[in-house]
Each structure stands twice: as structure tokens, then as C-alpha cells.
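Required output: the full structure, derived from the provided sequences and hints.
Chains A and B supply the protein sequences, listed in that same order.
1 is the number of the first residue of the first sequence in this note's numbering; add one for each residue after it.
1 is the number of the first residue of the second sequence in this note's numbering; add one for each residue after it.
These are calculated hints, taken from the structure and not from any lab test.
Keep in mind it's a predicted model, so treat the numbers as computed, not measured.
Positions of the beta carbon are idealized from the N, C-alpha and C atoms, including for glycine.
Do not take every clue at face value.
With a straight-line cut-off of 27 angstroms between C-alpha atoms, the simulated DSS-like cross-links for lysine-lysine are [unchecked claim]:
no.	chain 1	residue 1	chain 2	residue 2
1	A	LYS333	B	LYS129
2	B	LYS147	B	LYS129
3	A	LYS333	B	LYS147
4	A	LYS32	A	LYS333
5	B	LYS219	B	LYS136
6	B	LYS149	B	LYS219
Reference listing, derived: stretches of chain B covered by chain A, where coverage requires no fewer than 3 residues with Cβ under 8 angstroms from a Cβ of chain A [unchecked claim]:
no.	region
7	113-127
8	179-186
9	332-346
Across the chosen pairs, the derived CB separations fall in these ranges [to be verified]:
no.	chain 1	residue 1	chain 2	residue 2	range
10	B	GLU504	A	PRO259	46 to 54 angstroms
11	A	PRO90	B	THR327	48 to 56 angstroms
12	A	PHE145	B	GLY254	50 to 58 angstroms
13	A	ILE91	B	PRO384	46 to 54 angstroms
14	B	ARG431	A	TYR174	42 to 50 angstroms
15	B	GLY557	A	GLY35	52 to 60 angstroms
16	A	TYR174	B	LEU403	44 to 52 angstroms
17	A	VAL29	B	THR327	19 to 27 angstroms
18	B	SER61	A	VAL38	14 to 22 angstroms
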Amino acid sequence: MTHTLLARKADAPAPARGRLTVSPRTRSVIDKLIGAVVVLWGAATAAFLAQIALPGDRATTILNVRSGQTQLRTPEELAPINAEYGLQNPIVVQYLDYIGGLLRGDLGISYQQHRPVWGIIAEQVGATLTLTAVTLVLAWLIMVFWVTLTAGRSSRIRALGSGVDTVTAGLPPYWLGIILLLVFALGLGWFPVIGGAGANGIVLPALTLAIPLAGFMGQATRTEFERSLDAPFIVTARMRGMGDLSIRLRHVLRHAVLPAVTLSGWAIGSTISGAVIAESLFTRPGIGRVLIAAVDSQDLPVVTGIVVLVAAAYVITNLLVDLAYIVIDPRMKNS
Amino acid sequence: MTILDIDTEQRTNQLDSTPPVRLSVDNLNVGFERHGSVRPVVKNVSFDLREGQCVAIVGESGSGKSVTARTLVGLTGGNAVVDADALRLGDENLTALSPKRWRSIRGRRIGFILQDALVSLDPLRPVGKEIEEALKLHGWGDRTSRKRKVIDLLTSVGVPSPENRSRQRPDELSGGLRQRALIASALALDPEIVIADEPTTALDVTVQAQVLQLLEEMKQRGTSIILISHDLSVVAHLADHILVMSGGEVVEQGSAHEILTAPKHPYTQSLINAVPSRETRGTRLAPATGVAPVHTAAHANDEHAGFDGPVLEAEGLVKNFTAPDGTLTTAVNNVSFTLGRGETLGIVGESGSGKSTTARIALALDTADAGTVRLLGQDWSAVPETKRRRLRKQISVVYQDPLSSFDPRWNVERILLDSLPAGAFATATARRERVLALLAQVGLPDSVVHRFPLQLSGGQRQRVAIARALAPSPSIVVLDEAVSALDVSIQAQILDLLVDLQKEFGLSYLFISHDLGVISHLSDRVLVMKDGVVVESGDADQIFTRPAHPYTQELLGALPTLDESHTVAGASVSPSSSTEGQE
Numbered sequence: 001m002t003h004t005l006l007a008r009k010a011d012a013p014a015p016a017r018g019r020l021t022v023s024p025r026t027r028s029v030i031d032k033l034i035g036a037v038v039v040l041w042g043a044a045t046a047a048f049l050a051q052i053a054l055p056g057d058r059a060t061t062i063l064n065v066r067s068g069q070t071q072l073r074t075p076e077e078l079a080p081i082n083a084e085y086g087l088q089n090p091i092v093v094q095y096l097d098y099i100g101g102l103l104r105g106d107l108g109i110s111y112q113q114h115r116p117v118w119g120i121i122a123e124q125v126g127a128t129l130t131l132t133a134v135t136l137v138l139a140w141l142i143m144v145f146w147v148t149l150t151a152g153r154s155s156r157i158r159a160l161g162s163g164v165d166t167v168t169a170g171l172p173p174y175w176l177g178i179i180l181l182l183v184f185a186l187g188l189g190w191f192p193v194i195g196g197a198g199a200n201g202i203v204l205p206a207l208t209l210a211i212p213l214a215g216f217m218g219q220a221t222r223t224e225f226e227r228s229l230d231a232p233f234i235v236t237a238r239m240r241g242m243g244d245l246s247i248r249l250r251h252v253l254r255h256a257v258l259p260a261v262t263l264s265g266w267a268i269g270s271t272i273s274g275a276v277i278a279e280s281l282f283t284r285p286g287i288g289r290v291l292i293a294a295v296d297s298q299d300l301p302v303v304t305g306i307v308v309l310v311a312a313a314y315v316i317t318n319l320l321v322d323l324a325y326i327v328i329d330p331r332m333k334n335s
Numbered sequence: 001m002t003i004l005d006i007d008t009e010q011r012t013n014q015l016d017s018t019p020p021v022r023l024s025v026d027n028l029n030v031g032f033e034r035h036g037s038v039r040p041v042v043k044n045v046s047f048d049l050r051e052g053q054c055v056a057i058v059g060e061s062g063s064g065k066s067v068t069a070r071t072l073v074g075l076t077g078g079n080a081v082v083d084a085d086a087l088r089l090g091d092e093n094l095t096a097l098s099p100k101r102w103r104s105i106r107g108r109r110i111g112f113i114l115q116d117a118l119v120s121l122d123p124l125r126p127v128g129k130e131i132e133e134a135l136k137l138h139g140w141g142d143r144t145s146r147k148r149k150v151i152d153l154l155t156s157v158g159v160p161s162p163e164n165r166s167r168q169r170p171d172e173l174s175g176g177l178r179q180r181a182l183i184a185s186a187l188a189l190d191p192e193i194v195i196a197d198e199p200t201t202a203l204d205v206t207v208q209a210q211v212l213q214l215l216e217e218m219k220q221r222g223t224s225i226i227l228i229s230h231d232l233s234v235v236a237h238l239a240d241h242i243l244v245m246s247g248g249e250v251v252e253q254g255s256a257h258e259i260l261t262a263p264k265h266p267y268t269q270s271l272i273n274a275v276p277s278r279e280t281r282g283t284r285l286a287p288a289t290g291v292a293p294v295h296t297a298a299h300a301n302d303e304h305a306g307f308d309g310p311v312l313e314a315e316g317l318v319k320n321f322t323a324p325d326g327t328l329t330t331a332v333n334n335v336s337f338t339l340g341r342g343e344t345l346g347i348v349g350e351s352g353s354g355k356s357t358t359a360r361i362a363l364a365l366d367t368a369d370a371g372t373v374r375l376l377g378q379d380w381s382a383v384p385e386t387k388r389r390r391l392r393k394q395i396s397v398v399y400q401d402p403l404s405s406f407d408p409r410w411n412v413e414r415i416l417l418d419s420l421p422a423g424a425f426a427t428a429t430a431r432r433e434r435v436l437a438l439l440a441q442v443g444l445p446d447s448v449v450h451r452f453p454l455q456l457s458g459g460q461r462q463r464v465a466i467a468r469a470l471a472p473s474p475s476i477v478v479l480d481e482a483v484s485a486l487d488v489s490i491q492a493q494i495l496d497l498l499v500d501l502q503k504e505f506g507l508s509y510l511f512i513s514h515d516l517g518v519i520s521h522l523s524d525r526v527l528v529m530k531d532g533v534v535v536e537s538g539d540a541d542q543i544f545t546r547p548a549h550p551y552t553q554e555l556l557g558a559l560p561t562l563d564e565s566h567t568v569a570g571a572s573v574s575p576s577s578s579t580e581g582q583e
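Shown next as C-alpha cells:
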């Protein structure tokens, strides 16, 4: 069987109808989904192995975390904990239980709070996702405005444009957040010092994360933007009587944003886990603070849960980025 | 010139029944300012464009012809200094217009067509949207009526099933269809003047003929045309008046008849002589240049000198490709040929005819699905690459665009040193001498060794590419569209060089081109390819004087010639299904 297949391959290309009848597009969607599952499984496994690798007896750790004390425990004390978390089982069984739980949407029980991790995350995740979304929107608005305004102008304005990109991309968010807090919240009093749930309270935390991101995306967009400005189809549009601003917004921008779209996929994931800076600075609820607290107290199921969640966010946004690519550049549908 | 003068002139013209002047250019000067000094690029250009007439501006790249055209729509560039005694469009003074006023003229009163619609239309949008944009910008109609107008426009430029085509992007259309779409976008508001800047460069010859035919019809309907080209033969039958530009100056201008039949300026004469054709075979196309190729004896390739059979034999070549959607295309179908020593075999065909794939198989860069190639009587395509390596230096290649085949960070010396066969030269001095000898053979001075590809002109770059191909002293050089991207005057110099090198070294050329003129100038024998099949082959004389196959006849009919009375045959506005299939 194998032999005849190989022989045919060597003789002549297999006729088209002899191949598996899956259209290339379906095939690429299936490939992407398989890839996504593999990434999630890898993240979950890595998080699990990190738990195993930590020194010390885990049941003891759990008891100590709950009681806030550090002491040795007797086997009688440890037995119910081992039974509750299945720690007496071989590691393979623990792993399979853990993966099985994930498949059912069960992230485990928090050591410290003694309740499902899923519940803890669910309480906080909304605030972080809102912050991430607002950050991304603001970053895009700032970036598009600044690049459209300065790219492809006189050499002095161009230098200013890319200079600002570089400086903002390098700003430490924590420092930037403090400056924003001092100027706009304490000084001018435009925004609340402690970020509440209101729309007003999200502006400064989002800006703290959005400004460096905008600079970063601006650097990637600017090069493409200036290249597209010289393209023959832009000359054609001018020859049609189109004004400069329309050309920048309607033709050039679409050609220039692909690198920034790629960066956005990365930025969504990193903003979810990096939101802690803005959250602690502006005392906002959110997943970032939960993560820091959980790491401090060695509440491993919570840490693992958040790691898996961030991995899932990465996977989903990268699938969305692939979709956005095709919407922006339809030529990619065929490649 | 004052308004009064123009009035008088117009009156006189009307008495003579010459059409009225639409655009008047008097003593136009354009320069580009840099670091405080102005570099002039257009000097003292004057002409009148009349209703229903065509003024052609001819010259090579850098002659100032495109700058002139762009100045006429106010898009010369940010640091340009424009000065003219008069620049008038009807009663509009173009030297003192606000940007807003300019925008209302562009597209509405003056349409502009650039070369190759693949890059001149937004590659991300359907062509219908681009055409509609021209209407929308000038406030033409509402959404529904604009959509209808787009369909009408596409129909009027001969695009079949325009509803479907308008929803496709440039890359989904064939070269001819997308160029028509580009023309439709320029014609959207029926402008009185259309400027066409190299509108047929990079197009196949039959598509070029269709585009020229379309321009001819526009002219007959009363549109005035400014046609810009580096090639006199392209403008010959359309132009009423020709300006020949060189170095920013108009070296000669006059009626098309005068310029084409009795050119006075040597530059015009050289442009006319530069057009290759069957009649120019064996003659030189370019006047002798400053650097003559140096004749050096050593083409150190005696190993196979005694071999007197065909240097290259291809037998029954077949190559299939699988498209992304799983359909199978046969790019090359049962192609056979032989190439004798010192002979030139031309392979002519349009894009997609399989001629370049044939070349790749001959070079053993691609494997055929069936058929064999023998090089100097030895197995070539059928043996593994390790066995081929010994013969590799016998066959080399020159491509259309050398820029993409040079490492931009290597200078000319390093490019050429790299291409010398390993171990052929014992010392570094010998290798360096060989590089200088190669440069001399292709007519380049020693001083170019330290230059980088981007610092060379198109012609110089192609000479370096030829020197690189000659470095291993090959028996065969494959020339894949090697002169297609060059201006006709530079092309003439390179063709002369190729003839010289062939004579001197007894080289065999496999010459691949879409340009019948070039093929007929150079080839001893010709293969005509269409859709992967050889439709006709034979002696060049036979093919060009007594073409047997209808496709060869169509190609020959579409070939532009310097004969101004000649209207392009075989080119109807509605494309025949044979040349304009769906892509």
C-alpha cells in the first residue's frame, strides 16, 4: 500500500481529485484550531509542572496559607487536605484530574480562600477586560492620529513624529501612571484619584497603558505609512482630485496598519497580565491584583488559573488578528 | 503670451479650421530645490494641446517628461519650483490655483493614467470602488446612479461582464482588464484632457495594442491626449505632435510626420534607430558609446570547445502546477527545442505562456514532470544536482530586474568575485584582474567596482548582470526578459552588446521575451508559445514574414511600428476570448 503510493508520487503528481477533499480554507481553520488547543494544553501543563516543582509539602503549604502561620503539621492534620486536593495520588493521576477539570471548566479550589478559583477570577476579570479594551482603543486612536498627522511631512515634522514614538514606547508605565495621577487627578482634578467603576475612572489607568503601546505601534506603522504614500495608486488617487487627508485616511492607513494589528494581538494578552501596574496605582479591582496576591501567598491554583486564562486570551486574540488580516488585505485569503 | 494673443490665435486657427487650443504651455521651467539650490529638471517646454489631438512627449527616464506631465495637474512635488510664461487650461490660469481649485480640476477636467494598474489601482479595493471614488470626489450623482455609471464606464472601455469585474480587485483581473479599469477611472467624468504616462509599459504586446486602440477612440470622440513614452514606436500612430525630450530640454518638436520621417536632431534619430525589428537584424541599434567593449581573448572555456552537437536539447518538457484551490494547471506542455552553438533561439509569448518556466527547467532550477534536457550532449535534467554541478558553469542566466538578484549590500566587485568559478584563479590578483576584464567586456569602466547596485543606472546594472553571467565562461546564456525593463535607447545599447559578446565568444542564447521586436532583431530561430504550448516554431525569417499560426499573426499585428499610418491590427475594443481569459 505504502509502496504503491510512493511509486505513484515519484512517477507523476497525484491527480487533484485523488487528494483529501477539504478546501484549503477549511483546512487552514482546522489547523488553527488544533494549534490553539495545543497552545492552551501547553500552558496548562507548564502551570501544573510549576506547582509540582515547588519545594516543600503542598498540603503543609495549603494549611499554612489558610492559617497564615508557618509550622510543621502532623499527618493527622494533613490527611483531610490530601484527600480534598487528591495530593496522595500519583502525579500522573493528579495531572489527569487537573486536565479533566479544565475540560469541564473547573480551575480547582483556591488554597487561601477555599473556594473555586473560577469564582475568584470571574469577580475580577470584567474590570481587567474593560481596562484592556479601553487601553487598546485609546492606543489605536492616539497612534492613528499621530502617524496621520506627522508621517510623510517635512523632514522636521517627521523627525518629531518618530521621536515622540520612540520616547513614548520607552516610557515605564509605572512612572507614566504617577505623572498622570499627579497632573490630571491631583493637580487639575479632572479625573478621580481612585479609579472607580465609572467611565471617568478608567481614563487615566487606560492612558497609562495606552501611551507606551501607541508609541510602539506607531513605530511599526510609520514606516509602512510613508512607503504607501509614495505608491503609484496613491498618485492615481491624487490625480482623481482626492485631498491629502482623505488619501491618508482612506487609502494609506489601510496599507499601513497590518504590523500594528499584529502587535495588538500581542498587546491584548500582555495588557491583561500587565494591567496590575495600572490597577494597583489607581486602586482598581482586576485580575492583575489577584495574580500578585496569589503569587505572594503561594495560592497556586489561582496562579495557574490566571495563567491558563491569559493563554486563552492570547489564543483567541491571535485568531481574531488572523481574521482581521483577511478583512484588511483580502489578497491573503488565497495565500 | 497675452490673452489677446491667444484670442487672435484661436480666431486664426478657427479660420484654418484647426481645432481650438485646450491646454497651452509656454516656456515651462521646473526645478527641485534642495539645500537652498534649485536643480532644473524641465527647461523651456512649450506646446499647445488642441481638441481631439494627441501630443506625445518622448524621452528616456530622467528626461523630465513625467515631471512635465505632473506639473500640468499641479502635482510636481513638495519642493518643486514651477515657473511658466503661461500655463492655461481653457480660461483657467494654472500657475495661480489654490489647492482646492486644483482638486476640482484633477479627475474632472484632466484625467491621468499611469502605467501598470496592478500598482496604480489600490490593490486592496475592488476596481469598481476606485472608479466610483472618482465620481464621488466630484459630487457626481447618488450611490445608486454612481454604481450604474461604473458599470457603464467599464462597458465603454470594453470590459466584459462589468458587474462581476467591478467587484474584483486588480490582482484578480488580467493585465488588460485591470488597465481598462484604470482607464475607466480616469475617464469617469469625461475629462477634456487625458494624460497617459507610459500607459502600456509592462503590458503584453496584444494588451498594449488594445490600450492604444482605446486611446485612439477617445481621441476620435474629441478627448485631447498627452501621451508619454520612452518608445517612439508606441506613440507613432496616435500622436499628432511629438516632443522629444532629453535632459529636461525639448531637443526637437514638430508634427508626428516630420519627427518620424525626417528627424533633425541626432538624439531623435538615435531613438528611431533604437527600435528593434526584423529589419534591424545585423545592424547596430545604438550609436557607439563612450566606453567601447574591450576585446579580450581569454574566454577560458576550451573544455567543451570540440563539442559540435546542439549545446542544449529539450525533449517533451511538461510542467504542472497545483493552484491553492486544488486545480491543476499545465504551465508547460510537451515543449521541445534544440539550441546550436553560437545560435540564438528566441522564445516569445505573453505572460502566462510558460516561457519563463521553460527557461527555469532548461537551467535545471525547476524539475520537469516529464521530458528531459541535455546540456552539451550530457544528461542534465535527469541527474541529481551533485552531478550537475560540474556542468553548472556552462549555462548562466540574466533576468529582467537585476536589482532583485543582487545583494544590495555587496558592491560590484564583490558581486563579480562571488560569481567566479571556485579554484579557477589561483591568486587574489588574478581574480581581481578577471573582474576588471569582465567589466571591460560589458563596456563598464573600472571605476564602478566600488559602487553598489542602487548607485548604478538601469543600463549599467544590466551590464553588471551580464558580466556576472559571463564570469564562469559559459557556453549558453539564458536571457529571461533581460532587456524588457529598459528604456528603448538603453535597450538598444544592451542588445548591441549581446550581439558583440555572442560574436566574440561563440555564445548560444536562449532569449525569452514578450517583445516580438526584440526577438526578431536578435533570434536565428523562434518558438512561439501560448498557454504552455509551442504553437509555431521555425526560422526567424519564416516566422516573421510568413506566420502560419493565427496567434503569431495576431502578435505581429499588435506590434507597434514607427509607421505612423499603421493602425494597430488585431486589436478590437472588446477583447477576444483567446487573449483575455478569466484569471
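Structure-based check of each hint:
1. A:LYS333 - B:LYS129: 19 angstroms, holds
2. B:LYS147 - B:LYS129: 9 angstroms, holds
3. A:LYS333 - B:LYS147: Given that 27 angstroms is the threshold and the Cα spacing comes to 26 angstroms, the pair holds.
4. A:LYS32 - A:LYS333: 14 angstroms, holds
5. B:LYS219 - B:LYS136: 25 angstroms, holds
6. B:LYS149 - B:LYS219: 21 angstroms, holds
7. 113-127: Satisfied; 9 residues make the cut.
8. 179-186: Contact hint for the region 179-186 of chain B vs chain A: holds, 3 residues under 8 angstroms.
9. 332-346: As far as the region 332-346 of chain B goes, the hint is violated, because 0 residues have Cβ atoms under 8 angstroms from chain A.
10. B:GLU504 - A:PRO259: 46 to 54 angstroms: For A:PRO259 against B:GLU504, whose Cβ atoms are near 51 angstroms apart, the range 46 to 54 angstroms holds.
11. A:PRO90 - B:THR327: 48 to 56 angstroms: 54 angstroms Cβ-Cβ, so the 48 to 56 angstroms window holds.
12. A:PHE145 - B:GLY254: 50 to 58 angstroms: 54 angstroms, holds
13. A:ILE91 - B:PRO384: 46 to 54 angstroms: 51 angstroms, holds
14. B:ARG431 - A:TYR174: 42 to 50 angstroms: 59 angstroms, violated
15. B:GLY557 - A:GLY35: 52 to 60 angstroms: Holds - the Cβ-Cβ distance for B:GLY557 and A:GLY35, about 55 angstroms, lies within 52 to 60 angstroms.
16. A:TYR174 - B:LEU403: 44 to 52 angstroms: 48 angstroms, holds
17. A:VAL29 - B:THR327: 19 to 27 angstroms: 21 angstroms, holds
18. B:SER61 - A:VAL38: 14 to 22 angstroms: The hinted range 14 to 22 angstroms is violated for B:SER61 and A:VAL38, with Cβ atoms some 53 angstroms apart.
In terms of the numbered hints stated before, the structure departs from hints 9, 14, 18, listed from lowest to highest.
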